[in-house]
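A.B. asks: Protein chains in written order, with the numbering used here: chain A, 1 to 412; chain B, 1 to 163.
Source of the hints: derived by calculation from the structure; they are not laboratory data.
Fair warning: there could be bad hints in the mix.
Listed next, the in silico DSS-like pairs over lysine-lysine satisfying Cα-Cα at most 27 Å (straight line) [said to hold, decoys possible]:
1. Lys49/B / Lys3/A
2. Lys10/B / Lys96/B
3. Lys100/B / Lys10/B
4. Lys249/A / Lys46/B
5. Lys96/B / Lys249/A
6. Lys161/B / Lys147/B
7. Lys148/B / Lys46/B
8. Lys10/B / Lys49/B
9. Lys271/A / Lys114/B
10. Lys106/B / Lys10/B
11. Lys154/B / Lys249/A
12. Lys148/B / Lys249/A
13. Lys249/A / Lys114/B
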Amino acid sequence: MKKILEIFLGILTAMGGFVEIGELVFSLNAGAKFRYSLLWVVVLGTVGIIVYGEMCGRIAAVTEQPVFTLIRERAGYTAGLGTLIAANLVSLLTCTAEIGGLAILIKLLFGGNYFLYIVLVLVFLLVCVWFMSFQVIERVFGLLGLLMIVFVVAGVYLTQDWNGVAWGFVPSIPAVETSSDYFVYAYFVVALTSSIMLPYETYFYAAGAIEDGWNPSDITLNRIIVIIGFSLGALLSIGLILIGGSFLKPLLIEPQLPGTAALGPAIVFGKWGLIVGVLGMFFAFAGAAIENALTGAYNFAHFFGWSWGKFRPPKDAPRFNLAWIVMLLAATLIILTGVDPVQVVEYSIIFAVVILPLTYFPMLLVARDKDYMGHFANGWLADIFGWLYFVIILLAALAAIPLLIITHGGEG
Amino acid sequence: MGLGALQHAKNHMRLGAKKRSIWIEAGVIVLLIALAVTLFVQNETKPLKQADIKIAAANLRSLSSDAGQLVQQFLDGEVTETFLRSQASLMRDKAKSTAKQMESSKADGEMELKRWQTGHLGEQLETKLAQLADGTGESAAVRIELKKLFGELKEMEDSLKQR
Numbered sequence: 001m002k003k004i005l006e007i008f009l010g011i012l013t014a015m016g017g018f019v020e021i022g023e024l025v026f027s028l029n030a031g032a033k034f035r036y037s038l039l040w041v042v043v044l045g046t047v048g049i050i051v052y053g054e055m056c057g058r059i060a061a062v063t064e065q066p067v068f069t070l071i072r073e074r075a076g077y078t079a080g081l082g083t084l085i086a087a088n089l090v091s092l093l094t095c096t097a098e099i100g101g102l103a104i105l106i107k108l109l110f111g112g113n114y115f116l117y118i119v120l121v122l123v124f125l126l127v128c129v130w131f132m133s134f135q136v137i138e139r140v141f142g143l144l145g146l147l148m149i150v151f152v153v154a155g156v157y158l159t160q161d162w163n164g165v166a167w168g169f170v171p172s173i174p175a176v177e178t179s180s181d182y183f184v185y186a187y188f189v190v191a192l193t194s195s196i197m198l199p200y201e202t203y204f205y206a207a208g209a210i211e212d213g214w215n216p217s218d219i220t221l222n223r224i225i226v227i228i229g230f231s232l233g234a235l236l237s238i239g240l241i242l243i244g245g246s247f248l249k250p251l252l253i254e255p256q257l258p259g260t261a262a263l264g265p266a267i268v269f270g271k272w273g274l275i276v277g278v279l280g281m282f283f284a285f286a287g288a289a290i291e292n293a294l295t296g297a298y299n300f301a302h303f304f305g306w307s308w309g310k311f312r313p314p315k316d317a318p319r320f321n322l323a324w325i326v327m328l329l330a331a332t333l334i335i336l337t338g339v340d341p342v343q344v345v346e347y348s349i350i351f352a353v354v355i356l357p358l359t360y361f362p363m364l365l366v367a368r369d370k371d372y373m374g375h376f377a378n379g380w381l382a383d384i385f386g387w388l389y390f391v392i393i394l395l396a397a398l399a400a401i402p403l404l405i406i407t408h409g410g411e412g
Numbered sequence: 001m002g003l004g005a006l007q008h009a010k011n012h013m014r015l016g017a018k019k020r021s022i023w024i025e026a027g028v029i030v031l032l033i034a035l036a037v038t039l040f041v042q043n044e045t046k047p048l049k050q051a052d053i054k055i056a057a058a059n060l061r062s063l064s065s066d067a068g069q070l071v072q073q074f075l076d077g078e079v080t081e082t083f084l085r086s087q088a089s090l091m092r093d094k095a096k097s098t099a100k101q102m103e104s105s106k107a108d109g110e111m112e113l114k115r116w117q118t119g120h121l122g123e124q125l126e127t128k129l130a131q132l133a134d135g136t137g138e139s140a141a142v143r144i145e146l147k148k149l150f151g152e153l154k155e156m157e158d159s160l161k162q163r
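Build the full structure now, drawing on both the sequences and the hints.
C.D. replies: Take a look at the structure:
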């Protein structure tokens with residue numbers, strides 16, 4: 001019974017923690033610009049994160065070693081250090097955008113000063129991470145993030161062309177007005193894939209597996225959580241694309257603020273829909289901010305061999321605790337300069353795709369290495385999917401920066 | 001030369017190579033930063049192109065439609081007044097930034113007029129959004145004006161599209 005409850009909570013947590021501000025922005029805009037024709041990318045990205053999430057959880061359960069320790073071992077110090085710096089920069093930018101997004105959401109609910117709310121958000125996040133255990137953080141923010149289901153219900157309610165939705169799951173090039181729109185479409189394919197496969201998700205998942213004390217007997221639990229949890233999480237992205245395609249596109253609205261997303265549930269459920277939508281976003285963004293700050297700290301600790309973990313009292317892992325505090329402080333300072341959180345997240349998502357191959361390649365090598373993994377090494381299916389996705393993310397990484405420049409950040 | 005001295009010379013050479021490598025890496029980083037800064041400055045000071053003005057018009061068109069829908073949902077009782085004011089205030093900042101970008105730049109040839117017109121429409125949108133944010137405008141009337149602005153901005157955007 002306890003195991004079933006653990007699986008159930010794990011699935012809900014993975015689902016609730018799936019969406020953050022980047023995915024919200026790109027999913028809504030994907031629908032608003034190209035209606036349903038990017039739905040297939042959600043499936044592509046979700047299978048990718050399942051493949052690498054499963055490998056990551058399995059590596060953690062078998063070797064009981066964190067990802068960055070293994071990256072350093074396999075890739076060497078210099079390449080590993082490069083990956084560490086790039087990964088933590090992306091985590092810092094993502095954390096920055098989430099903090100800005102949180103301050104915007106509080107302003108939408110209560111009015112008042114945006115910059116004051118940024119500081120309040122910092123205090124809230126510091127208190128949460130300091131006082132809550134890893135399991136409590138995971139469950140509270142994951143489960144409350146499930147309020148985002150209101151977007152799925154609203155998306156389904158607002159959609160009438162289900163034939164068009166079904167065709168959206170088939171990869172195709174849509175009919176567009178101008179030739180530059182083809183590049184914008186390609187940009188969204190890359191950005192949406194990246195927003196679903198953000199590297200911090202796998203780092204955090206693997207660190208969490210060690211925090212939870214997983215061992216080889218948890219490999220089946222890992223598979224169930226990853227496959228069902230991430231698939232259900234993808235429904236949230238699909239719901240956002242439906243809102244974008246069915247509600248925003250006919251009005252020619254390409255959302256530039258998180259608040260625009262809440263108009264979808266509001267038109268269906270009225271003020272309660274609006275409030276539930278804003279609260280769902282709040283917990284999803286807060287969870288992502290904490291996960292990114294902790295991921296930065298985990299990465300530093302794992303790479304440099306520091307004592308780490310939320311399961312240890314802070315005095316036993318001082319540098320690890322200092323690292324996540326510094327991550328949150330640095331992110332807050334950046335957003336206090338007045339940069340637009342939505343613009344920050346757009347850049348962080350594109351730079352994340354550039355480092356995806358650096359992150360996932362060592363993981364793939366370790367997962368298929370019998371010296372590390374024994375008989376838990378990749379089977380033929382995991383190997384095929386692992387290599388296939390490595391090629392996909394490599395192509396996406398090569399295309400990301402040129403597409404960012406050509407399309408003026410996806411604007412045309 | 002004894003083995004100890006040979007080892008010492010090897011260590012010395014390795015240390016020298018390591019120092020050189022650090023300086024080369026630092027030089028490459030400085031060059032890359034200088035290149036990025038140059039590109040940024042060049043990008044900020046160069047005249048606006050047709051595509052830049054089209055993007056600005058599209059942003060403003062989207063904001064005007066978003067604001068119109070927001071007011072409509074407020075009038076239908078689907079969003080709170082606090083939400084309306086806060087969202088309008090955030091949109092005003094966006095419109096202001098786009099209008100400012102249009103006004104502070106120059107464009108080549110016939111695009112100069114389009115740049116000026118887009119900036120002017122951006123200013124009008126900013127004013128309407130400010131009225132919503134401060135509660136100084138009557139919502140239904142502002143909605144009608146937002147609809148009119150939307151039409152003008154859409155027309156501007158379409159005229160700038162390169163097929």
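A.B. asks: Can the restraint linking Lys148/B and Lys46/B be considered satisfied, given a maximum Cα separation of 27 Å?
C.D. replies: violated, 32 Å
A.B. asks: Is the straight-line distance between the alpha-carbon of Lys10/B and that of Lys49/B 27 Å or less?
C.D. replies: violated, 59 Å
A.B. asks: Take a quick look at whether Lys10/B and Lys96/B sit within 27 Å of each other, Cα to Cα.
C.D. replies: violated, 64 Å
A.B. asks: Does Lys114/B sit within 27 Å of Lys249/A, going by the straight-line distance between their CA atoms?
C.D. replies: holds, 26 Å
A.B. asks: Verify the proposed pairing of Lys249/A with Lys46/B, using a straight-line Cα cut of 27 Å.
C.D. replies: Given pair Lys249/A, Lys46/B is violated - Cα atoms ~33 Å apart, limit 27 Å.
A.B. asks: For Lys100/B and Lys10/B, compute the direct alpha-carbon distance and say whether it is at most 27 Å.
C.D. replies: The hint is violated at about 62 Å.
A.B. asks: Just to be careful, I want the Cα atoms of Lys106/B and Lys10/B compared with a cutoff of 27 Å; is the pair within it?
C.D. replies: violated, 61 Å
A.B. asks: Given the hinted pair Lys154/B and Lys249/A, is their Cα-Cα distance within 27 Å?
C.D. replies: holds, 14 Å
A.B. asks: Check the hint pairing Lys161/B with Lys147/B against an upper bound of 27 Å on the C-alpha distance.
C.D. replies: holds, 21 Å
A.B. asks: Checking one constraint from the list: CA of Lys148/B to CA of Lys249/A, max 27 Å. Satisfied?
C.D. replies: holds, 19 Å
A.B. asks: If you draw a straight line from the CA of Lys49/B to the CA of Lys3/A, is it 27 Å or shorter?
C.D. replies: violated, 61 Å
A.B. asks: Taking 27 Å as the top limit, are the C-alpha atoms of Lys271/A and Lys114/B close enough?
C.D. replies: Roughly 40 Å separates the two Cα atoms, so the pair is violated.
In the structure shown, a violation is registered for the earlier hints numbered 1, 2, 3, 4, 7, 8, 9, 10, in ascending order.
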